[in-house]
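Chains A and B are the protein sequences, given in the same order. Residue 1 is where the first sequence starts when you use the numbering used here, and the numbers rise one by one after that. Residue 1 is where the second sequence starts when you use the numbering used here, and the numbers rise one by one after that.
None of these hints come from the bench; they were simulated from the model. Being a predicted model, the structure only gives us computed values, none of them experimental. Positions of the beta carbon are idealized from the N, C-alpha and C atoms, including for glycine. Misleading hints may appear alongside valid ones.
Said to hold, decoys possible - Simulated pairs of lysine to aspartate or glutamate, DMTMM-like, Cα-Cα distance not exceeding 20 Å: (1) B:Lys152 <-> A:Asp169; (2) B:Lys232 <-> A:Glu148; (3) B:Lys100 <-> B:Asp188; (4) B:Lys152 <-> A:Glu259; (5) B:Lys155 <-> A:Asp169.
To be verified - Looking from chain A toward chain B, a few residues come up when the C-beta cut is under 7 Å (computed): (6) Pro145; (7) Asp169; (8) Ala251; (9) Lys279; (10) Asn281; (11) Glu282.
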Amino acid sequence: MTQGLIDPPKSSISGSAVRRGDQIFRGITVGSGLLILLVMTSIGIFLTWKALPSFSHNSSNFFTESQWFPDQDTPIFGIAALAFGTFVAAIIAMLLAMPTGIGTSLFITFYAPKKLAGVMAFFIDLLAAVPSIIFGLWGLQFLMPHSEGVARWLDRYLGFIPIFQNRTDLYTKSLLIAGIVLAIMILPTISAISREVFNQVPRSHVEAALALGATRWEMVRMAVLPFGRPGIISASMLGLGRALGETIAVALILSAVFEVNPHITEPGGNTFAANIALKWNEAGPNGLSALIASGLVLFLITLGVNSVARGIIARRKDFSGAQ
Amino acid sequence: MKITRIAIATVAIATTLSLTACGSDNNASSSASAPAGGVTGALKASGSSAQKNAMAEWVNAFQTANPGATIDYQANGSGAGVQDFINAQTDFAGSDSALKPEEVAGAAARCAGNNAIDIPMVGGAIALAYNIDGVDSLVLDPKTTAGIFTGKITKWNDPAIAALNAGVALPAATIASFHRSDSSGTTDNFTKWLIATTPDTYTLAGGKDWVAPGGQGAKGSDGVASSVASTKNSIGYMELSFVQTQNLKAAKIDNGGGAVEATSDAAAKTIAAATVKGTGNDLALNIDRTVADGASYPIVLVTYEITCEKGLDAAQAALVKSFLTYTSSDEAQGALSGAGYVPITGDLLTKVRASVAAIS
Numbered sequence: 001m002t003q004g005l006i007d008p009p010k011s012s013i014s015g016s017a018v019r020r021g022d023q024i025f026r027g028i029t030v031g032s033g034l035l036i037l038l039v040m041t042s043i044g045i046f047l048t049w050k051a052l053p054s055f056s057h058n059s060s061n062f063f064t065e066s067q068w069f070p071d072q073d074t075p076i077f078g079i080a081a082l083a084f085g086t087f088v089a090a091i092i093a094m095l096l097a098m099p100t101g102i103g104t105s106l107f108i109t110f111y112a113p114k115k116l117a118g119v120m121a122f123f124i125d126l127l128a129a130v131p132s133i134i135f136g137l138w139g140l141q142f143l144m145p146h147s148e149g150v151a152r153w154l155d156r157y158l159g160f161i162p163i164f165q166n167r168t169d170l171y172t173k174s175l176l177i178a179g180i181v182l183a184i185m186i187l188p189t190i191s192a193i194s195r196e197v198f199n200q201v202p203r204s205h206v207e208a209a210l211a212l213g214a215t216r217w218e219m220v221r222m223a224v225l226p227f228g229r230p231g232i233i234s235a236s237m238l239g240l241g242r243a244l245g246e247t248i249a250v251a252l253i254l255s256a257v258f259e260v261n262p263h264i265t266e267p268g269g270n271t272f273a274a275n276i277a278l279k280w281n282e283a284g285p286n287g288l289s290a291l292i293a294s295g296l297v298l299f300l301i302t303l304g305v306n307s308v309a310r311g312i313i314a315r316r317k318d319f320s321g322a323q
Numbered sequence: 001m002k003i004t005r006i007a008i009a010t011v012a013i014a015t016t017l018s019l020t021a022c023g024s025d026n027n028a029s030s031s032a033s034a035p036a037g038g039v040t041g042a043l044k045a046s047g048s049s050a051q052k053n054a055m056a057e058w059v060n061a062f063q064t065a066n067p068g069a070t071i072d073y074q075a076n077g078s079g080a081g082v083q084d085f086i087n088a089q090t091d092f093a094g095s096d097s098a099l100k101p102e103e104v105a106g107a108a109a110r111c112a113g114n115n116a117i118d119i120p121m122v123g124g125a126i127a128l129a130y131n132i133d134g135v136d137s138l139v140l141d142p143k144t145t146a147g148i149f150t151g152k153i154t155k156w157n158d159p160a161i162a163a164l165n166a167g168v169a170l171p172a173a174t175i176a177s178f179h180r181s182d183s184s185g186t187t188d189n190f191t192k193w194l195i196a197t198t199p200d201t202y203t204l205a206g207g208k209d210w211v212a213p214g215g216q217g218a219k220g221s222d223g224v225a226s227s228v229a230s231t232k233n234s235i236g237y238m239e240l241s242f243v244q245t246q247n248l249k250a251a252k253i254d255n256g257g258g259a260v261e262a263t264s265d266a267a268a269k270t271i272a273a274a275t276v277k278g279t280g281n282d283l284a285l286n287i288d289r290t291v292a293d294g295a296s297y298p299i300v301l302v303t304y305e306i307t308c309e310k311g312l313d314a315a316q317a318a319l320v321k322s323f324l325t326y327t328s329s330d331e332a333q334g335a336l337s338g339a340g341y342v343p344i345t346g347d348l349l350t351k352v353r354a355s356v357a358a359i360s
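Isolated chain B, as found in the complex (with noise of 0.2 Å):
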């Protein structure tokens, strides 16, 4: 009878396959029936990962503050947060790159025929930790690092490293890059940073995909982080807190300007800088990594929430309203560096007020 059973369990695998599959099908949107402006009611979001951990301390704060609303965000990805809202599934997205021009669209229809707006609510940076023995400091620049990371530069003790970290003993050893082997918002920015600085040396595609040759890829953040932990004479990028997690060490970042520590300080200064493409009331921003001023980190990502200025049900519009407000306030910002993000300041942080205030 054992046949059979493992029998079963095929099916078992192919069937959950399938649930995986239609598993977006699932969550139908729920009709709370709140009193507009009150902040009870019920909120599906779905999306990027790189914010769970900002989304799952603010959710808890906004819940304790008020007990009648529920918000559930589900870090099931970018790209399908982004379907997720368009299919009216949930109320608001969270995303690590403003709506695509073939997805407008989608949200137009999703949102009534107004227009669907991309907040920046959560930054990040993007840190490269390395794991060599007796070397506490250490200066990358875009071109060595592309060198690193596409197989070009393969022992530590290459000339073009030891340029950087003059007085530094750097060890002849092989180098073990680790990259991520599943798609990801953190390699899309990380390899935005390499094309804007050093198009000559990197000269491979973006996205979300890692495509260059050579290296190693682990699964997430945290899959990057252990490896890097656990491999002698390795480094890899990831997102800043898991450098704090792994007590690892993050290489300083010259861009030309001065090597600029990873910290969520500087890294915040990289993103208030950013300018606005998005026309009215949308924020989709365009960053600047190729600043140079020897005080902002260049390597930094901002993930979006992505809404309907108009055109949701005024019981969810007040309350996506209400918890973006929240969400945009100084306390809340406030808390993000001590998670390991980054938070948006200065002028941008007023458009975001802006913005958040103009949905209705």
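So here's chain A without its partners, still in its complex pose (with noise of 0.2 Å):
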């Protein structure tokens, strides 16, 4: 297409036609490129000399026990509950977050008047400006006093369901909560992504679909979704990557047992990131080295996550635009 236009004529003139300008600015590049490649190989290293000692030192399973007393006489520790915890609040976030993101999106790209649009746009990437301790307090504050109402009926209409039944009458500090904070935080990464690749759904297939007589939804649906697949897959892994990784809000909010407690709307739970924040001033030794193993195993988790998600889109770039 317009590739040939761009390409710089071949020189006929000998001898070194490269500018000082060109070897500066290639060896920032290259510098910038490598060194990210050696903050995280460094990170991975750092955390895995760091944790090492605490795997030694454990009389109980790493993976499989959900106590964390790595600091007494015979330290147990292990990852199950914050595994659990973790995993729950980000599924819970990536529910409640995965529609209302995708509907924000293909309300701004094909539904909204263009000023609308565009004012909506601006305050949803508004949205991931906010700090997380921001709305940690905002969720501790004011949304878990409020969504009480919330929890009890889940409790007494579908309670039935082991996951929302409520054995202990209080419905605060627990997992739902957290998702449901966590969800908000992770609105604007899924909602931007996904609206950048419905920005670029071809005119024509939309156009076509139209002139072939289809309502607005059945546009979306044939020629949007299908197209941006990939884009919301990726969109909804990186979502997943940071609500993983959160850590303050959900410290604030979590009631911190170390527990695997399925029922989601009793107070409780527990993640890799709150409970590093939480423990770590008054960590002993051991107790320093078994946090960053659990951060070890979180930085896997991420690390994969966020692999996934390129590698879905890197199948389908030449659809995702994120080449």
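Two chains, two frames, some hints: make the complex.
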């Protein structure tokens, strides 16, 4: 297409045609690229190195134990409860944020009048700029007291499903509320990326669908969603990555209990990142090492999630625009 | 390009994690060249967040009186404070427990072979703040407290609570108990009181992490206080000052000799009666939490300043001594109760001053 036009013509002048600016600029870009790799590798090495001592001192299975007593005489600690809480909170967040985020971006790209679309896009991007401590405080002080009714309703009418059952008569500080706050936090990520993907749906596809007599919903279903699917998936995966790693907002909200409790409306739950934030200051030497070990697991999980997202984008890169 | 941005953000989060991890390496000790005996120079200290506000007030007053001196107290937690001190990154540590046996060797090495000493400096009271409509006065004893916080007593009108509160209309509501979700010396001292007074009811382990089943965790005393304030029929343990800032009501504690209100004065009596278990100038304390004289408030905590008796740089030793002489003065200790803390009083204060005087 336009590629040929900007290709420089072959130089007929012999000798060094490389300018100093080119060399410097190339050096800077290569250096920046390598730096990222270096940082990632050194984080991985650092975490592994610092985590190793705790493994040899653990008198329990690191992956199946749910208690966390790394500093007692016979250390017992494991990530079962942390992994469970991390994933449950993230899954709740995904279930709420995915439909909302995709719906928002469909509205902005195909339904909203142009002016409103601009304003809405701006505000959703702004949501991404709110610091997580603010989300945490808002969740704790405002959302939690006001969402008690939702949890009570779930317990009363859907309590026959074990996950909604509440045996404590207490409806605050639960994984459900943490999940709701996380959903709001990852909404801009999901919405922004899927909006970009929807914007790239070829105009011709959209117009062809409409010309064939499709309603707007049919057009979205036939032309937009199939085209945008890889983008939606990778957007969600990146949102998931953020939800898994969110620290302070979750630390403020959750009750931090070290047990695998599937009743999501009851107080309880704990996540990798929140546990590190809560225990770090008062941890002894083995406690610090154990916390880093849990951090390493989280690091590998988020690395995995992001790799999968990248993989999906790469497979369909002609469409996603994330080249 | 959004993708890359978020990938970078992920790296940034991970980097922050690793930076936090090695953060303690960055506090290189300053080697101020102040003349010995003068009150100029720079001190670095870190540790207990329980004494943060007291320290802030004292540092402020001390620096105003001695414009040449700067004191930097980082409230990064007792455990981290002791580690910083042992690694010679700070000149003294603030800690809510005396040096543990396994820390003594490291501390001695940091002090060039001399003893590190624990000097009690800031006392605190742990109050049981509650939020029940229409209940202005509540009495609890160790057994009922243990029952509430371990989930054995679940309603406010439980006969055990009613027996202690004749004439008080207690609601038939479920008790929402709040504890600390982060590791904390407050939890440690609260459970120490339960273990000392009612070992049959509270059979769990003590320590800085809350282990009892049930209840809800909140981060920090401020988190517990705001949770109690915003939740009806709730109760939580917290440092006394947070009861005042959130306008909560604190339960009176009856150790067996009559109900005692949670006040700075009543707590000071318990701390003053503590016996010294340390040797020489080391003033590690044994607090009698079973005290039942009807006038001493039994749920207290003491934070220590831990420093070298001998073995600091001459200039640093002089500055530490000068600062701790000020903090153990009547003026400095007198300012504590206004800030929600508990002063060290009586014979114990005399011993504290003798220990400070021995620093060289």
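Cross-check of the supplied hints:
1. B:Lys152 <-> A:Asp169: holds, 15 Å
2. B:Lys232 <-> A:Glu148: holds, 13 Å
3. B:Lys100 <-> B:Asp188: It holds: about 14 Å lies between the C-alpha atoms, which stays within 20 Å.
4. B:Lys152 <-> A:Glu259: Measuring from Cα to Cα gives roughly 19 Å; hence the hint holds.
5. B:Lys155 <-> A:Asp169: Roughly 11 Å between the alpha carbons, so the hint for Lys155 of chain B and Asp169 of chain A holds.
6. Pro145: holds, 6 Å
7. Asp169: holds, 5 Å
8. Ala251: With Cβ-Cβ at 6 Å, under 7 Å, it holds.
9. Lys279: Holds, because the Cβ-Cβ distance from Lys279 of chain A to chain B comes to roughly 5 Å (cut-off 7 Å).
10. Asn281: At about 3 Å, which falls below the 7 Å cut-off, the nearest Cβ of chain B leaves the hint on Asn281 of chain A intact, so it holds.
11. Glu282: holds, 3 Å
Checked against the numbered hints listed earlier, the structure breaks none of them; every hint is satisfied.
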